[in-house]
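Chemist: Each chain is listed here by its residues.
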Amino acid sequence: MYAPLKKPNMGPLLQVRGLKSYFFTRAGLVKAVDDVSFEISAGETLALVGESGCGKSITSLSILRLIPEPGRIVDGEIFFDNQNLLRMPANEIRRVRGNKISMIFQEPMTSLNPVLRIGEQIAEVLRLHRGMNNEQALGQAAELLDRVGIAAAGSRLRDFPHQLSGGQRQRVMIAMALACDPQLLIADEPTTALDVTIQAQIMELLAKLARDRQMATLLISHDLGVVAGNADRVAVMYAGRIVEYAEVKQLFSNPVHPYTRGLIACIPRLGDKGLLKTIPGQPDAKTNSADGCAFLGRCPTPCRAGGPKMPQLQEINPGHYVRCWRA
Amino acid sequence: MKPLLEIRDLAKAFSVPGKSGDKANLLQAVDGVSLEIAAGETLGLVGESGCGKSTLARLVLGLTPADRGEVLYRGTDLCFLSPRQIRPYRRQIQMIFQDPFSSLNPRMTVGETLAEPMLIHSLCSAKERPQKVEKLLNQVGLDAAAAARYPHEFSGGQRQRISIARALAVEPELIVADEPVSALDLSVQAQILNLLREIQGQHNLSYLFIAHDLAVVEHVSDRVAVMYLGKIVETAPADELYRQPRHPYTEALLAAIPQPDPNLAGRPAPLKGEVPSPLNPPSGCSFHPRCRYASQICQQQEPALNQLGNNHQTACHHSDKVGQSLPQST
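First to last, the sequence lines map onto chains A and B. Going left to right, the first sequence walks through residues 1 to 327 as my numbering numbers them. Going left to right, the second sequence walks through residues 328 to 657 as my numbering numbers them.
Chain B extracted, bound-state conformation (with noise of 0.2 Å):
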């Protein structure tokens, strides 16, 4: 089967003023990605903060124009589309930011919110947008009168069921939603992602689910791919990936989680360093400073995403080696 966003050898770059009199430097920001995401499917992309995952969300929704490379959706390139051509698609991809305090409009009331994707994208007549407006409300478990009422009225995650059923609003594909619990209560995230994960099925949507905690894109993904300083270092089925990690930094990032277990308290701390400039990376493998399984060949050479089978690929030169004494969690 086709997949329905297929990404080829995706980069961009941005340029960073050098110090008084230098040159301007480059800023490797998202380094030849290729992924794909099938229809239904949810793929989570972890990495820490600066690895240019946002950035990568960006360039599928076409919000910032790409270096190189190809993003296909269903099959068609978006990277080269004019504002024009490229608008149909923006209807099939929509976006759930992380802050759901800066990303509604304050001076519009819900209903607006929900109502403006419609009208712009000539959904539904006017008389019916009231109708559709109230059954998004209730399918993100919110009451129909919270359409006359504005953002500050609610609470954050409220707030980030009213981000939902706007991307819902036009009926995407597609969702990317770039962090979308991290700013939320712990009782609330459970909510969310438990919501993100019943209207899935209701829709058959694809998601691309970008956030730093491993352990809940663990739990909402099929297919989880990890980043580092702009490169995919591995990609895996979500279980295989937290049982299996094949790649030293998926095997300290799981190890770095904190478990709510106080009998696991003590364990050291995974990884030595931070980390380096993207302005700046590390020769060979970026990830070598830190790695403990380093050898020369890393500081020299650039190791390939490979094909481990299973849809499970990394990039080390040492993937046989890793994953063998990761304290198996419960």
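Chain A on its own, in the form it takes in the complex (with noise of 0.2 Å):
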């Protein structure tokens, strides 16, 4: 374990206040985002939780500017390095992408491009955001493929993605994400089609890095496993607002938020063999735009209190914030 980097006199690396990202779309306007929040230091992992369609992959794509139409980042602001992202005109974001702010996706298949050799895919990045040759950029490609762990780098330079196995491609992937030695990586579900014996390698190589490097990290994921031993802090989203958010030991000991405490009840567990709890019903996308609290529906212990107000995210204990009338 390391402790985060706190720079004297700098705020977090990356602020994000009030964010709002809606979609469009013929059916209606979707709330995909909502007026969420949070921030991430040097060196220290944030992980966002949450299940399918909760907004936590549109929250990771708003940072860079990425959301596809309908969608619309509508409000707030994203502070990183004490520049606002969302003020930024295109050609400077674009020296941001893959920069100093680099995305790792969850189906390295499709996130790699099949008909270029992985030693050009990588050596791409650091001609255009490093301004290399090609022949130093290739050189510089193969010691991010031995830093990663691929063996025999060099030769594996003029591999084609199908040549590589599951793990090997999110190894480039992550390659590609270091080239320039990005200073916040977002990792959006980086292990899930790994098996778990090589998910625990890539997750350890991915916090040596963060440690050597005092990078920061946005994990996204919806794994509470991978995400209790990687994560220093945790937010946990539903409907598009988060609704905990909490230094993790603290999350895991002393979850307050109903659906944070719904999900940690039906992990299955090792050696525990009785039918397992469940949170009934259905994380449903058209509660995103309802006024009241949306997890409403799917409480066991529902409350009249605030009735059809959305309940604030208040902090009951130093640094740990839940949105919810019982809290």
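Take the hints with a grain of salt, since some may be wrong.
[As the list claims (entries may be wrong)] In silico BS3-like pairs for lysine-lysine, Cα to Cα no more than 30 Å straight-line:
#	chain 1	residue 1	chain 2	residue 2
1	A	Lys273	B	Lys462
2	B	Lys648	A	Lys273
3	B	Lys599	B	Lys648
4	A	Lys273	B	Lys329
5	A	Lys208	A	Lys249
6	B	Lys599	A	Lys208
[Unchecked claim] Counterexamples of contact, computed for chain A against chain B with all Cβ distances above 10 Å:
#	residue
7	Asp35
8	Ser37
9	Ala42
10	Leu64
11	Pro70
12	Gly71
13	Arg72
14	Gln83
15	Arg87
16	Pro89
17	Asn99
18	Gly139
19	Asp146
20	Ala153
21	Pro302
22	His320
In short, the hints are calculated from the structure, not lab data. C-beta: ideal position from N, C-alpha, C; glycine also.
Taking the hints as your guide, dock the two standalone chains into a single complex.
Modeler: Here it is in structure tokens:
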């Protein structure tokens, strides 16, 4: 374990404040991300947790201003290294993407170009952002592959993605993301497509790189096991909003929001043969736009305290925020 | 008691075209697997991608012809029956697939999907069918009105409920479930696992439950078989397997499960390297290049599946050393 590096006189590396990303679909307005705020300091890992459709991927894409049509960021501020990314001209943000902020995705097969050799794909990043010539870039690519644990890196440069296993492809993705020594890495379900033993290797690699380079990580995952082992702080999202935000040990030892409690309770644990606890119903995209508490319909202890109003995110302990009328 | 399903020395190899000019290579997907499933029992099958677990499922269902071996269902070998002869057995063995989006016909209503197997096996008259469909939907926790709707109107969890209802439509004795919950969200996964257990109690079903998630498998299974590169390396009663694994691969798989407990953070990855290519498996014990117990004998001699007592079998030369250092999870 490492302590997050706190630079004096400097705010957190990334500050997201009141982010709202809405989708204007033909069927109506979908508030995919609604008033989301969080921060990440250098060397720190923040996990965004939630089920499909809760808005965690749209949050991360909003940071890079990559959300697809008909989505739009309608409000909020995203400060990265004291610059507001949302006000940056398009050519400047292009210099941030893949350079100071990089991203790795869930499915390495679809995020690598199948007809380009992997050395070429990594070198492209270096030529673009670092102005290297071809030879330098390929040399650097071999070094990067070596750093992410690919054996005989020099000879693998000429491989195509299909010649690699899933774990190796994800290592190539990581090498590409690290090519410009980013200050922030966004890892969107980086191990979901991988087997458990390979998953353990990849998470270990990411932790080591974060430690060595004081890189901040935004880890997006639905797997609470992965989150528990790798995050410093956790934000739990439901229906576009953060419902609980706490330091990782606090969240797992003292979950307060009924959704967080439900998620932790429904993990099958080794040695427990009883019926699993469940959260009745399913996440419903339509509740995204509801006025009251979005979790009301699935809540085991529904309350009427708030009526049709949405509870606010309130600090119940230092650093522990919960969005629930009962908190 | 005679087992419901008995698999004996089942094997299947696929021919993979070699690089230009080379001869085709043989990929031994399933290599001499023997297993038993008793009536009302759940056998869990775990292993990493490419280990042959889905091929094994297809062999049991007769969807892929076996190279050798026997699949005995109540004593009848299903492997070499003609299509006409195998039909009554098809009714007894049903399947649930991983992806509820691609395993339901998008152009059939849910009612048609559920009625079709009854029609094919002439189980009931056309008049009775709507009632039976309604009963099935209720059993899996869906509203009767669902019968008139199409699959795309349902969420992943609901579609998996429809798949389960379809499997139940012909009143089978054995259900082969291939990764039935791995495409689902956590809160929905728990609902489906509970549903599978519920209907098992009601119908005295047997399951062959295939998954890569050891915690899920351990939760639903009576016995668990662990597969590596086409072979079974360990079988044991579920609680014994996780308390005292006797094969190094099982031990490593258990240690690799991310625990939802931040106090266990920073554990080293239990296995180095990746699964070797099944086209060119290592000599001797196929696990030896990644094994921390490996010695010379492991490179030369393939270990046989040994009985350790209490239904616990393992294929390892060093099984007595395995499982001593496993951190006990809560």
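Chemist: Among all the numbered hints in the text so far, which are the ones the structure does not match?
Modeler: none
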